[in-house]
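**Student:** Here's the letter readout for the chains.
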Amino acid sequence: MVNKPSNFAILEAVQHEMRANPHMTMLYEYQRPVAMGPMGNVIDLYTEFGAPRIPDWGPIDEEWFIGGAAGIAMTGVPAIAHMPSMCSVRSFELIFNQVGKLRHMTGGQVNMPLVIWQDGAGRNPGLAGQHADAGQEALYAAIPGVKVVVPSNPYDAKGLMTSALRDGDPVVFFHYPAIDGNAMDVPDDDYVVNIGEANVVQEGTDLTIVGVGPAFVEITRAMEEIAAAGISAEVIDPRTIKPLPIDAIAASVEKTGKLLVIDHGHETLGTSSEIIARVAMLVPGARLGRSTFPDAPPPGAREMISWMTPDAPKIVEAAKQLTA
Amino acid sequence: MVNKPSNFAILEAVQHEMRANPHMTMLYEYQRPVAMGPMGNVIDLYTEFGAPRIPDWGPIDEEWFIGGAAGIAMTGVPAIAHMPSMCSVRSFELIFNQVGKLRHMTGGQVNMPLVIWQDGAGRNPGLAGQHADAGQEALYAAIPGVKVVVPSNPYDAKGLMTSALRDGDPVVFFHYPAIDGNAMDVPDDDYVVNIGEANVVQEGTDLTIVGVGPAFVEITRAMEEIAAAGISAEVIDPRTIKPLPIDAIAASVEKTGKLLVIDHGHETLGTSSEIIARVAMLVPGARLGRSTFPDAPPPGAREMISWMTPDAPKIVEAAKQLTA
Amino acid sequence: MRDDTPDTAQQADAGPQDAGKSGFSRRNFLQFAGGAGLAGALMSNAGMARAGNGWTVGLEGVPDEKSRQMYELMLKSRWWEEGIKEAFLAGNDGLYGAFHISVGEEACSVGVMAALNEDDYIASNHRGHSHLIAKGGDLHKMSAEIFFRETGYNRGFGGSMHITDVSKGILGMNGIIGPQFLFAAGAAYSAKVRGTEQVAVAFGGDGSVNNGWYYSGLRNAALYGLPMIAVVENNGYQMSMPQQNTNSLQNLHDFGAGLKIAHEAVNGMDVMAVYAVAKRAVERARAGEGPTLIEAKTYRYYDHAGLAGAKPGVMGAFGLPYRSDAEVRAWIAEDPIPKLRRQLVANSVMTDDEAQAMEDEVKALVAETIEAARQAPSPKAEAGLEHVFAGMTVSPSQFMS
Amino acid sequence: MRDDTPDTAQQADAGPQDAGKSGFSRRNFLQFAGGAGLAGALMSNAGMARAGNGWTVGLEGVPDEKSRQMYELMLKSRWWEEGIKEAFLAGNDGLYGAFHISVGEEACSVGVMAALNEDDYIASNHRGHSHLIAKGGDLHKMSAEIFFRETGYNRGFGGSMHITDVSKGILGMNGIIGPQFLFAAGAAYSAKVRGTEQVAVAFGGDGSVNNGWYYSGLRNAALYGLPMIAVVENNGYQMSMPQQNTNSLQNLHDFGAGLKIAHEAVNGMDVMAVYAVAKRAVERARAGEGPTLIEAKTYRYYDHAGLAGAKPGVMGAFGLPYRSDAEVRAWIAEDPIPKLRRQLVANSVMTDDEAQAMEDEVKALVAETIEAARQAPSPKAEAGLEHVFAGMTVSPSQFMS
Ligand SMILES: Cc1ncc(C[n+]2csc(CCOP(=O)(O)OP(=O)(O)O)c2C)c(N)n1
Ligand SMILES: Cc1ncc(C[n+]2csc(CCOP(=O)(O)OP(=O)(O)O)c2C)c(N)n1
Ligand SMILES: [Mg+2]
Ligand SMILES: [Mg+2]
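Chains as they are written, first to last, in the numbering used here: chain A, 1 to 324; chain B, 1 to 324; chain C, 1 to 401; chain D, 1 to 401.
Hints are computed from structural coordinates only; laboratory data are not their basis. Idealized CB from N, CA, C, for every residue including glycine. Hints are supplied without guarantee of correctness; some may be wrong.
Stated by the list, open to error - Partner residues are not named here, just some residues of chain C that face chain D (Cβ under 8 Å, in silico):
| no. | residue |
| --- | --- |
| 1 | Phe88 |
| 2 | Asn210 |
| 3 | Gly212 |
| 4 | Trp213 |
| 5 | Asn247 |
| 6 | Ala257 |
| 7 | Lys260 |
| 8 | Met315 |
| 9 | Phe318 |
| 10 | Leu320 |
| 11 | Arg323 |
| 12 | Ser324 |
| 13 | Asp325 |
Claimed, not checked - The following label-pair restraints were derived from C-beta to C-beta distances:
| no. | chain 1 | residue 1 | chain 2 | residue 2 | range |
| --- | --- | --- | --- | --- | --- |
| 14 | C | Asp352 | B | Val42 | 51 to 61 Å |
| 15 | B | Asn21 | C | Glu371 | 56 to 66 Å |
| 16 | B | Gly181 | A | Tyr191 | 28 to 38 Å |
| 17 | C | Gly313 | B | Asn3 | 39 to 49 Å |
| 18 | B | Asn194 | D | Phe399 | 26 to 36 Å |
| 19 | A | Asp189 | D | Asp138 | 43 to 53 Å |
| 20 | C | Ala346 | B | Val42 | 30 to 40 Å |
| 21 | A | Pro284 | B | Val42 | 52 to 62 Å |
| 22 | B | Asp185 | A | Ala251 | 45 to 55 Å |
| 23 | C | Thr56 | B | Asn3 | 53 to 63 Å |
| 24 | D | Val314 | A | Asn41 | 28 to 38 Å |
| 25 | A | Met39 | D | Asp360 | 52 to 62 Å |
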C-alpha cells in the first residue's frame with residue numbers, strides 16, 4: 001500500500017478488468033492509457049493490449065467514442081469510452097436517448113456494459129469557457145438509466161472504476177485530477193467501492209457537510225479549521241450521484257440538524273439542488289445551506305474564477321454561518 | 001379576443017416579429033409554420049416569407065438548425081430554430097458549450113438573439129422511449145447563459161414567444177401541445193409576457209401548488225376538487241424556469257407554509273428539485289412535497305405511462321396528504 | 001445507374017490499402033476473418049451476380065430453396081404489416097402508437113438479409129419491421145408488441161419503433177434517426193475484437209444520411225477497415241420532403257466517393273439485385289476490405305406514419321398532398337413480390353399453386369399472431385418502474401411520499 | 001497535386017446546378033450578390049493565378065501595395081506569437097492559460113484573408129491567432145487578453161482560445177473543435193438572407209474534419225448554395241496523432257468529391273498560392289456557386305500547445321516524441337515569410353532594407369503591446385458574474401447566503 005496518483009490507480013483497475021475479460025475494449029481521446037506509479041513503475045495498456053482493444057486514439061469524434069462503444073457494449077463486449085471533460089457532452093443525446101434508455105425501451109433485453117470515463121475537468125484559471133467546467137455529473141444524473149460516480153480520492157477512483165467495469169449498466173465516471181490533492185494509500189490488488197455507497201469520512205454532531213470530487217477535496221482542506229472553530233462537523237462524500245445514497249446523508253442531518261452542501265457545479269440544478277431538496281423533504285426543519293460555483297461559465301482570469309470557486313476558506317465561513 | 005390553439009397563437013407572435021424585423025430567420029424541422037385559427041383563418045409563414053428566411057424544412061440535421069441558427073444570430077440577425085422534442089438534444093453540446101457561453105467567454109461581445117423552440121413533447125402513450133419525454137427544460141436550465149420558458153396556455157405561449165424573440169440572449173422555448181387543454185382568450189395584437197415573471201393563478205392560504213407546462217394543465221384540472229375538499233390552494237405557474245421567479249413562490253409559501261411541486265419531468269434533478277431546494281432554504285420549516293414522473297424512461301403501454309404521470313387525481317391526493 | 005458499377009469495383013480495391021493505413025493490414029484482419037482461403041472462396045461466387053448492368057438480376061446461381069425462403073420472407077413482411085394495418089383501420093382493438101409501414105421496400109431487407117449469417121448484426125430504424133422479419137423476427141412477439149402486451153418483444157415497453165431481438169443479432173429498431181450507423185460500426189468493431197467473421201449492417205432512410213452519425217459511422221468503418229455495411233433505403237421522401245430537396249446529391253451513394261469506400265446504387269425493387277450487391281458487400285466486409293455504402297432506390301406505398309390515404313383491403317396510400325397517385329401506382333407496378341413470384345414460377349422453382357399456398361399460409365400465420373396478441377395480457381402498471389437498471393426498480397415518485 | 005485542379009474546375013461547374021436543386025437558382029442569388037456583372041468581373045482576373053500547376057505562384061498580377069500588406073501581416077502574426085512565446089519562456093509575467101502557436105502557418109491565414117473584404121466573416125479555432133491578425137485583429141487587445149487584462153479583447157474572460165472581434169467579422173476563436181463550420185455556414189446563410197455579398201470562411205485543422213459539424217456545415221452549404229469556404233489547415237498532426245492515422249483519406253479535400261463541391265489542395269507554405277486558390281473560392285461563393293473546400297498542406301513549428309521543446313530566441317520546437325527534428329527543419333526550410341521576402345526584393349517591390357525596416361517596426365509594435373498589457377489592470381473578481389445575460393449579473397452563490 002502506497003500513495004498513487006489517481007490516473008495510475010484508475011489504470012490499475014482497468015488493467016485488472018481487461019486482463020480478466022479478454023474482449024473488454026477501450027476507445028479514447030488523446031490521453032493514451034499510460035501512467036507512472038509512485039516508484040516510477042509504468043502501466044501502459046496501449047502496449048499491453050494494443051489495437052483493436054486499445055487502438056491508437058484516432059479521430060476527434062466523440063460521437064464515435066460513445067456511440068461506437070455503445071454498439072460494442074450491445075454485442076456483450078464491455079466497453080470504455082474515455083475522453084476529456086469538454087468532449088463527452090458532444091454525445092449527450094446518445095447518452096440521453098440511447099445509452100440510458102435502451103434497456104427500458106426494449107423491456108430489459110439490452111445490456112449496456114459501458115463506462116463513459118470523463119476526465120480532466122476542474123475550475124482551473126486560464127482555460128475559460130469550455131475547458132474549466134465542473135459539475136457536469138448533474139447533467140448525466142438527470143438522465144434515467146445511467147449511473148454516475150464522482151470519486152474524490154485515488155482509492156475511491158480505483159474501487160469505483162472496478163465496480164463500474166463490472167456493472168451491466170452504463171456508468172459515467174468523472175475523474176477530476178484535483179482529487180490527487182486527497183493523497184491515499186491504494187492497494188495493488190483489485191477491490192471494489194460499491195456504486196451507491198456514501199463514505200462518512202468524519203463523524204460529528206453540529207453540522208453535516210456534503211460534497212463530491214473537487215469540492216470534497218476543498219472540504220477536506222477546511223476540516224481542520226472548522227474543528228478549530230469548535231464546530232463538530234460530520235463529513236460525507238456520497239461518491240455516487242446516481243443512484244444517490246440519500247439515506248446516509250439524511251440520517252446524518254437527522255442527527256446534526258444542519259446541512260451544508262459544497263459543489264463546484266453551478267447553483268441551478270447542480271448536484272446540490274437534488275441533495276438539498278431530498279434532505280429538506282426527509283428531515284423537516286433542518287437548516288440548509290450551499291456554496292456552489294455561480295450560474296456563470298468559468299472565466300479565464302484567475303482573479304475571477306478563483307473568487308467564484310468554493311474553496312476551503314469559503315467553506316469554513318459557511319460552516320460558521322450555518323452553526324452560528 | 002377568442003380561444004386560439006397554442007400553435008396558432010405562437011405563430012401570431014412569430015409573424016408579428018418577422019414582419020417587424022426584415023431579416024429574422026427561422027430554420028425548422030418538418031413542422032411547416034402553418035396553423036389554422038379558430039375561424040378557419042390560416043397563418044402560413046412559409047408562403048408569406050419563404051426561402052431563405054423560412055426555407056422548406058430540409059435535412060434531418062438538428063446540429064444545423066441550432067448551430068446554423070447560432071451562426072446567423074452571431075451576425076446580428078435574430079434566428080429561430082424550431083424542432084420536435086426529441087431532436088434539439090442532439091445539439092445539446094452546441095447549447096452547452098457555445099450558445100450559452102459565447103457572450104461570457106467573449107467578455108460580452110457576442111449577442112445571441114436565438115430562440116430554440118422545442119415542440120411536441122409530452123407523456124403520451126404508444127410512442128415510448130424517445131418520443132414521450134417531458135421536463136427536458138431542466139436540462140437546459142442547468143446551462144449558464146440560456147433562458148428557459150415553459151408556457152402552460154396559449155396566451156402565455158404567444159406572450160412569451162414575443163418576449164423571447166425580442167431578447168438578445170438565447171431562449172429555449174418549450175411548447176407542449178397539451179397546453180391547449182388550458183383554453184384561453186388570445187388577443188390578435190402583439191403583447192409580451194415577461195420572461196422571469198411568475199403567474200399567481202389562484203390565491204389561497206393552506207397550500208402553494210407549483211408546476212409548469214403540462215403539469216400545470218393537470219393542476220388546473222385538479223383545482224375544483226381540491227377546493228371541494230376544503231383546501232384553499234394558492235396556485236402558481238412560474239412560466240420561466242431560468243431565471244426562476246423564486247421570490248413569488250417563496251412569498252406564497254411564507255404565507256401558506258406548504259409547497260407542492262408537480263412536474264412531468266423526472267424526480268432526480270428535474271425542475272421540482274430546484275424549486276424545492278430554494279424554497280427550503282428561503283422558507284425554513286415549510287412542509288414540502290412533490291409529484292413527478294419517476295426516474296424511468298417513458299414506457300409505451302398506456303397502463304404504465306398513465307400510471308407514472310402526475311395527473312389531476314394524483315395531485316388532489318397529494319394536496320390532501322400535505323394539508324392533512 | 002451503369003456508372004455506379006465501376007465505382008464499386010474500383011473502390012473495393014481501395015479497401016485494403018485504407019485498412020492498411022489505419023493500422024490493420026489486410027493480413028492481420030484475415031486472421032480475425034478466419035483465413036484468406038475463405039475470403040478467396042467468397043470472392044469466386046461473387047462473379048455470379050455480375051450479369052449485365054446488375055439493375056435487374058435473375059435467379060441464376062441462387063439455389064431453389066434459397067429463393068423460396070426469400071419469397072416467403074417477403075410475404076411475411078408484406079402480410080404482417082398489411083394485417084396490422086387492417087387491425088388499425090378496423091379500429092376494434094383500440095390500437096395506438098407509432099406504426100411506420102415499409103410495404104414496398106421488402107426487397108431491400110430480404111435481399112440484404114439473404115446475404116447475412118444468423119450471427120451477423122443489423123441496426124435498424126423507425127421503418128424496420130421488414131428488416132426484423134427478414135432477419136428472423138418472431139411474428140407472434142412482434143404482433144404482441146404492437147398491441148403493447150406483456151408477451152411482446154419489448155414487453156409493451158417499446159411498441160413498433162423499438163422492437164429488438166438481441167438473440168438474433170437484431171440491435172433494434174430505433175425512434176431516433178442516425179444512431180444505427182454508430183451502433184453497426186461499433187458492433188463491427190466488436191466482431192474485429194472477438195475475431196469473428198460477423199458483419200454489421202445499418203439500415204437508414206434517405207433522410208438519415210443528413211446527420212453526423214452517418215458520417216461518423218462510415219468514416220470510422222473506413223478508418224479501421226470494419227466489416228460494416230450501410231444500406232440507405234432511398235424511398236424518395238423524408239416524411240413529406242422529396243429527397244432531392246434534402247441533399248444536393250442526386251445519388252446518395254456518391255457520398256462514398258468522398259470517403260473512398262465502396263459504394264453503389266441498387267434496384268431496391270428487385271430482391272435478387274439487392275441480394276447480389278449485398279453479397280459483394282458482405283464478401284468485402286469479411287475479407288477485411290472495409291465498409292460498403294449501398295443506396296437502394298425504393299418506395300413506401302403508404303404515408304410516412306399512420307394511415308392517411310389508406311383503405312381496408314387496398315394496398316397503398318393515395319391522395320396524399322406531397323406525392324401523386326400516379327407516382328405511387330408506378331412504383332406499385334414495380335412491386336418486388338409478384339416480380340419474384342413470376343420468376344419462381346417461370347423458372348419452375350415453384351408452381352403458382354405452391355406460391356399461392358405459401359401466401360395463404362403466411363396470411364393465416366399473421367392472423368393467428370394478431371388473435372394471440374388480442375388475448376395476451378397487458379403489462380402491469382408497476383412494471384414501468386423496472387428495467388431502468390438491471391435488477392432494481394425506481395421509486396414511484398408520481399405519488400407524493 | 002496536379003490532379004486537384006481538374007477537380008476544382010469540374011466541381012465549380014457543378015455549383016450552380018446544386019444551388020438550383022436546393023431551390024436557389026443562380027439568378028436569384030446573383031441579385032443578392034449584386035448582379036452578374038460583378039461575378040463576371042471577378043472571374044476574369046481569376047485566370048491570373050492559373051499559371052502552371054498552381055503549387056507555387058509568383059507575384060504576377062498582385063499589386064505591389066497588396067503584396068507588401070500581405071508581407072506585413074505575416075510578420076505581425078509571426079512576431080506577435082514569437083513575442084508572447086518569449087514572454088511565456090522568460091516567466092517573469094506569470095503568464096498562464098492555453099496558447100496554441102500557429103507559427104509556420106501564416107501563409108494560410110494571410111493568403112485567405114487577402115481574398116476577403118473587411119465585412120466578410122471568419123470562424124476560427126483554437127489555433128487562430130494568425131487568422132485574427134490577418135483579418136485585422138488589434139495586437140494591443142490580443143496581448144492584453146493573453147495577459148487576462150481588462151483591456152483585452154474579451155476583458156480577460158476568454159484568453160487565447162476565445163479571442164473574438166465581432167466588429168471585424170471575426171466570429172471568434174473557439175476551444176471546441178468543429179463548431180466553426182456551422183457558424184460559418186450560418187453566417188453565410190445570414191448574408192444570403194440580407195442579400196449582401198459577404199462570404200464566411202471556417203478555419204479548422206486536419207483533426208476538425210472528423211466530426212459531424214464539418215459534414216453538416218459543408219453539406220448544408222452545398223444544399224443551399226451558401227457563400228461558405230472551409231479551409232482545412234492540414235499541419236499533419238492532431239496533437240500527437242499523424243493525420244494519416246486519423247482519417248482514411250490521404251488528401252482531406254477529397255471529401256469534397258462526395259458532396260460534389262469544389263475542393264482542392266494548396267501549398268500552405270506559399271502565401272500567393274493560397275491567395276490564388278482563395279480568390280477562386282471567394283469568386284465562386286459571391287457568384288452563388290456554393291461552398292469550396294480548401295486543404296492547405298502546412299505545418300506548425302511548435303508543439304500542439306505549450307512550449308515543450310521550445311527555446312528563447314529559437315524558432316520551433318525540437319526533440320518532441322511524435323515527430324522528427326529533420327521533419328521540422330524540412331518544413332522550416334519552406335518558411336513562407338522569407339520566401340515572400342525574397343520575391344518582394346527580387347521583383348523590386350521592396351528593397352531588402354525596406355523589408356527589414358518593416359520587420360523591425362513590427363517587432364517594436366509587438367514589444368509595445370506586451371509592455372502595455374503588463375501595465376494594464378486585471379479584471380475585478382466580481383466581473384465574472386457579468387455577461388452571462390445582457391445587462392444582468394448572476395448571484396455569487398459561492399458564498400452561502
Ligand atoms: C434525430 C431525429 N430527428 C428527427 C426525427 C423525426 N423523424 C422521424 S422519421 C423522419 C423521416 C425519416 O426519413 P427517412 O430517413 O427518409 O426514412 P423513411 O421514413 O423515409 O423510411 C423524421 C424526420 C427523429 N426521429 N430523429
Ligand atoms: C470537440 C473537441 N474534442 C477534443 C478537443 C481537444 N483538442 C483540442 S485541439 C485538438 C487537436 C486538433 O487538431 P487539428 O484539428 O489538426 O488542429 P491543430 O491543433 O493541428 O491546428 C484536440 C483533440 C476539443 N477541443 N474539442
Ligand atoms: Mg425516406
Ligand atoms: Mg493538425
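**Student:** Against chain D, run the beta carbon of Ala257 of chain C and see if the smallest gap drops under 8 Å.
**Tutor:** 5 Å, holds
**Student:** Taking 28 to 38 Å as the hint, is the beta-carbon distance of Gly181 of chain B and Tyr191 of chain A inside that range?
**Tutor:** 54 Å, violated
**Student:** For the hint on Phe318 of chain C, just tell me whether its beta-carbon gets within less than 8 Å of chain D.
**Tutor:** 27 Å, violated
**Student:** Taking the beta carbons of Gly313 of chain C and Asn3 of chain B, is their distance inside 39 to 49 Å?
**Tutor:** Since Gly313 of chain C and Asn3 of chain B have Cβ atoms about 40 Å apart, the given range 39 to 49 Å holds.
**Student:** Verify the interface restraint on Gly212 of chain C: the C-beta must sit less than 8 Å from at least one C-beta of chain D.
**Tutor:** Hint on Gly212 of chain C: holds, closest Cβ of chain D at ~2 Å, below 8 Å.
**Student:** Check the following: the C-beta atoms of Met39 of chain A and Asp360 of chain D are separated by a distance inside 52 to 62 Å.
**Tutor:** For Met39 of chain A and Asp360 of chain D the Cβ distance comes to about 54 Å; the hint holds.
**Student:** Take the C-beta atom of Ala346 of chain C and the C-beta atom of Val42 of chain B, compute their distance, and say whether it sits inside 30 to 40 Å.
**Tutor:** 54 Å, violated
**Student:** Given Ser324 of chain C as an interface hint, is the shortest Cβ-Cβ distance to chain D below 8 Å?
**Tutor:** Result: violated, 20 Å to nearest chain D Cβ.
**Student:** Could one say that the CB atoms of Asp189 of chain A and Asp138 of chain D fall in the range 43 to 53 Å?
**Tutor:** 59 Å, violated
**Student:** Hey, does the Trp213 of chain C contact hint survive, CB to chain D under 8 Å?
**Tutor:** 7 Å, holds
**Student:** Answer holds if the nearest beta-carbon of chain D is closer than 8 Å to that of Arg323 of chain C; otherwise answer violated.
**Tutor:** Violated, about 18 Å.
**Student:** Would you settle whether the hint for Phe88 of chain C is holds or violated, based on the nearest Cβ-Cβ distance to chain D being less than 8 Å?
**Tutor:** Status violated, d = 35 Å.
When held up to the earlier numbered hints, the structure conflicts with 1, 8, 9, 10, 11, 12, 13, 16, 19 and 20 and fits the remainder.
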